[in-house]
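Colleague: Here are the chains, one letter per residue:
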Amino acid sequence: MTGEEMHALVRRLYPLCRSITGDGLRRTLEIIGESAPLRLTEVPTGTKVLDWTIPREWNIRDASIKDPSGARVVDFQESNLHVVGYSVPVHATLSLDELRGHLHTLPDQPHLVPYRTSYYAETWGFCLSQDTLDTMGEGPYEVRIDATLADGHLTYGEHVVPGESAQEVLISCHVCHPSLANDNLAGVAVAVALARRLAELPERRYTYRFVFAPGTIGAITWLARNRERTGLISHGLTLACAGDPGRLTYKRSRRGDAEIDQVLAYVLKDRPHTLLDFAPYGYDERQYGSPGFNLPVGSLTRSTYGSYPEYHTSGDDPDLVRPEAMEDTLETLWAAVQVLEGNRRYQNLSPYGEPQLGARGLYGSLGGRSDTKEAQLAMLWVLNLSDTEHSLLDIARRSTMPFAALADAARSLQNAGLLKEWIS
Amino acid sequence: MTGEEMHALVRRLYPLCRSITGDGLRRTLEIIGESAPLRLTEVPTGTKVLDWTIPREWNIRDASIKDPSGARVVDFQESNLHVVGYSVPVHATLSLDELRGHLHTLPDQPHLVPYRTSYYAETWGFCLSQDTLDTMGEGPYEVRIDATLADGHLTYGEHVVPGESAQEVLISCHVCHPSLANDNLAGVAVAVALARRLAELPERRYTYRFVFAPGTIGAITWLARNRERTGLISHGLTLACAGDPGRLTYKRSRRGDAEIDQVLAYVLKDRPHTLLDFAPYGYDERQYGSPGFNLPVGSLTRSTYGSYPEYHTSGDDPDLVRPEAMEDTLETLWAAVQVLEGNRRYQNLSPYGEPQLGARGLYGSLGGRSDTKEAQLAMLWVLNLSDTEHSLLDIARRSTMPFAALADAARSLQNAGLLKEWIS
Amino acid sequence: MTGEEMHALVRRLYPLCRSITGDGLRRTLEIIGESAPLRLTEVPTGTKVLDWTIPREWNIRDASIKDPSGARVVDFQESNLHVVGYSVPVHATLSLDELRGHLHTLPDQPHLVPYRTSYYAETWGFCLSQDTLDTMGEGPYEVRIDATLADGHLTYGEHVVPGESAQEVLISCHVCHPSLANDNLAGVAVAVALARRLAELPERRYTYRFVFAPGTIGAITWLARNRERTGLISHGLTLACAGDPGRLTYKRSRRGDAEIDQVLAYVLKDRPHTLLDFAPYGYDERQYGSPGFNLPVGSLTRSTYGSYPEYHTSGDDPDLVRPEAMEDTLETLWAAVQVLEGNRRYQNLSPYGEPQLGARGLYGSLGGRSDTKEAQLAMLWVLNLSDTEHSLLDIARRSTMPFAALADAARSLQNAGLLKEWIS
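Chains as they are written, first to last, in full-length UniProt numbering: chain A, 1 to 424; chain B, 1 to 424; chain C, 1 to 424.
The following block holds chain A by itself, in its conformation from the complex:
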């Protein structure tokens, strides 16, 4: 998928009113499934998932605040951000003063509408720009939220690209945010593009599992239902904010030096980027990295959680997301996939002295030159460090040689019978 195609997917998903449950979420998964077929799971309200319980399902049809003239000064049809997520139904006529406790604005960004939710405390509310609020008189206002909060299900979807090994690479995207483009439709679109590109590989070492689930409760639900599977997760990433123009940011897994952490640091080193240590907030790496699971799951974003002015506001719209930024995120992920797929350990089968590479046609015959060729250097590095303790990535970092050159060297040496893969 090109950047433009990913951007088209963002725009198509943008208007839907997603939440942690409900039909907006289902429709989102349906559209994702058109590009990357999903296995859907519906978990009933009341189900215990780890320390949590699946909440009632929330669906909303309409909501508005009408002024005395009947005009909709705040209108859900214009933007689903106008309603606090999980608002209970309400129909009342209130003065502005009575209404104020239910209104959320951003006084410092007066033209933007904030994004607010109240999943676990029953209330209702509206979000609007401070500019709009400033124009509102005393009222009275007719307030209506046509929503239902009732027993139902929490829905999530999984797409699997199978590989030779049952060991998995997990890519997890939250899909619960309504009309917010970078957070996280851009992440969703990049994940879909990555899934499609992986499917085109002639062979894959790892199985790749994409989880599209609501934030927090969705990841917790997936973990609760896949507790025994987590041992198969060799590497993982949460993917979010994948399309803004900021530089790439990798946040290390809780382990701090997992292979995924090494791989992302390696592929990012030649691009503008930021590396962050794990912290127990942000996206669902919080759950994957809870101490009981402690999975090797880092987080790739461009601008980070909470760090850009449009974050969780109506400013996070499709214009904030750039096709070329999503392409850059995708290419970075692809580079990481290359390294993950090729990052093996080997055993030098001729470890005493250097083997005679020239006799095997692997080494230039004319001696004395100091400009030893890269391919020859790569073979010397691989031979020297293939003592079962160093991965190819370790060798790349130590030698500062390109990973691909070392992987080529390993292949040549393996073909010559000088190296064999080492399975611990």
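Please keep in mind that the hints were generated in silico from the structure rather than gathered at the bench. For every residue, glycine included, the Cβ atom is placed at its ideal position computed from N, Cα and C. Everything hinted at is true.
Each computed EDC-like pair below joins lysine to aspartate or glutamate, with the alpha-carbon atoms no more than 20 Å apart:
1. 66(A) to 98(A)
2. 420(B) to 51(A)
3. 48(A) to 151(A)
4. 269(C) to 259(C)
5. 66(B) to 131(B)
6. 420(C) to 51(B)
7. 66(B) to 134(B)
8. 48(B) to 228(B)
9. 420(A) to 51(C)
10. 373(C) to 108(B)
11. 420(B) to 387(B)
12. 373(B) to 108(A)
13. 66(A) to 138(A)
14. 373(A) to 108(C)
15. 269(A) to 331(A)
16. 420(C) to 164(C)
17. 66(C) to 98(C)
18. 66(B) to 97(B)
Every beta carbon over 12 Å from chain C, so not counted as near; a handful from chain A, in silico:
19. 31
20. 53
21. 95
22. 134
23. 197
24. 259
25. 307
26. 344
Quick look at which bits of chain A chain C covers, simulated, 3 or more residues with Cβ under 8 Å:
27. 349 to 360
28. 374 to 388
With chain A held as given, fit chains B and C onto it using these hints.
Modeller: Relative to the frame of chain A, chains B and C by itself:
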């Protein structure tokens, strides 16, 4: 005790002629005991203590050098620094030339009187300013030291503030220096103030032991008599030079990364300070940190051993010591006590995924805001790292959150049944 | 040996036509043996050595390219670099165009003759300056190489300076390069000088083994024939490029933190120098540091392998090598020998508190001075860290005191019965 009260104690102790034994030392311990009651130990001359032997007890009544006119050009009554500590008695009439070998001056600081001792080699001597020496003619001079060096005792005092645990925090001050104010009456005064403040705490986790003993031989004597107790010393500090206007200096224990080392580095990080590695000279951390004991005892000073121009001279008088500097030292120690008392390890009892804090009233109900409150962040950090491997201080250093906020969070989580203290 | 004497040895060896086998190599070892008697080993063609096979022996008597007038435009008698090493015999008349594929020049350094070899692929060739090539017309040219490539032997020599222990320090020099002075006649000359100086020591802790062998195949042959001995190699260095005016360079052994690595870093710290991590190319540290052997063998050079413009050209002549540079290399090696010989671990026999040094005459009797003398400080450091875990070099690095002062202190303390050597 206020800074002024500590300074008053320094001034009161200043005139006494202390040494490693004798009545000046006893009187000093008596005055300390008025504020912090001491258990005194008297160890007889000749007692073997580790590799050493308790020396004879030294007491001095008077000493002078009289010029041909009978005037006291060097007078012990003016300053006890004028006599080399442990000088044997002498009464003789000598020319200046004969006397010179017994006179100590500081040619580079001509107006100051040096501090000199000769505990373990029998001799006698006088200390005087170079300025005074320069005015002295050929003599003859009547020289008299009215001192006794005889079998007696070495005296030290201990003050204990009991806590829940038999595990101890050791605070050790040398009390053998005569009229020197910063080194170490300021350390003594701050220790007394700390002891009194600790006594006011409603409860203490640790038992705090204050040792007031002569330098080197006193610490060695205490160690010799408490060899089996040393296993109870969980943390310790020598405290000296606690009142000069210089920045605080912490010298790490021999272990280098003991908890006391971490705690002091942590409480000092927001103040002007210097951190030093352990070195086997300085104060009695040399003895506590000898390889056989290897106790986790660091050293807190302001200006360090030997580093300020007034060090071991008559310039180290009560004017060098500032009430506000002693208060600053005391507050730093108090901050360290807070961390030591609260620095526990916990076990997250709900380690799979985050527990639902909102359902327990521990988490704000309105979602979407990026300004997660400090208390909530602190809970997330404590939960995430309470895997029995991280202390609260580890979490404070990793999260850069205030220790107190994390300790509060741990308390809330413990009350909610989500955490329990982990005893290794 | 003085710098001038080492330089004389370089000049004497320079004209010989060395290769990895043959009489030039034998004559070189004979001359070395005049200063440092060698045990010679001759290994027959066809012998398997590790993954390699001893090649046929090469000897050359004459070679030239004559122009149509009969003048020798390229003449082996002028410089043995003019013939590609291991060229097979040839006698033919060829046009310049036919000849070109057998001619090697350095177009970027047109006045220099390159050094080339073809040990393991049968061919022949000439090396000449680009300037010469540019003067050559179409020919025809009479080309002649009077060489033999026939069954014979590979020769290497060993010089051993015995010590108390069977544990060895290995110094390895390649001796296969023809008329190249810095690489490696300077290394050979410094090694010879070191051997002679070691022999003058009244006693040596280690046995010192000097190996003079052709590069790569020679080291591999030595390793193949001494496989069981390699366990005796406690420390080692390859020595090359020891005489150019560049700064000293130490390349760490594959282990990276072997004692030899610590020692060289320590002795170099006060001189201009470069420290490099191990890399599997360069000199014979490649073979000693192959993963099967993984010996603690680093590499000492001045300018490094391939890094100076004269490297492997006719510019690497005796003028490039400076007597004072070879002396500096030798003194650095000598400093390293001092540390290796003295770097022991000790056990403090009085580890509880400081022992009373004054009572043993080891400590100044006058107290109070802050200018503790270096000898006393050194004793305190040695006592404090002699817990069997720290070597004297560890103590030198931690204390920043001179190694020699600590070694003196250890001797004094050992004589006083306070310390004993610790044999693990």
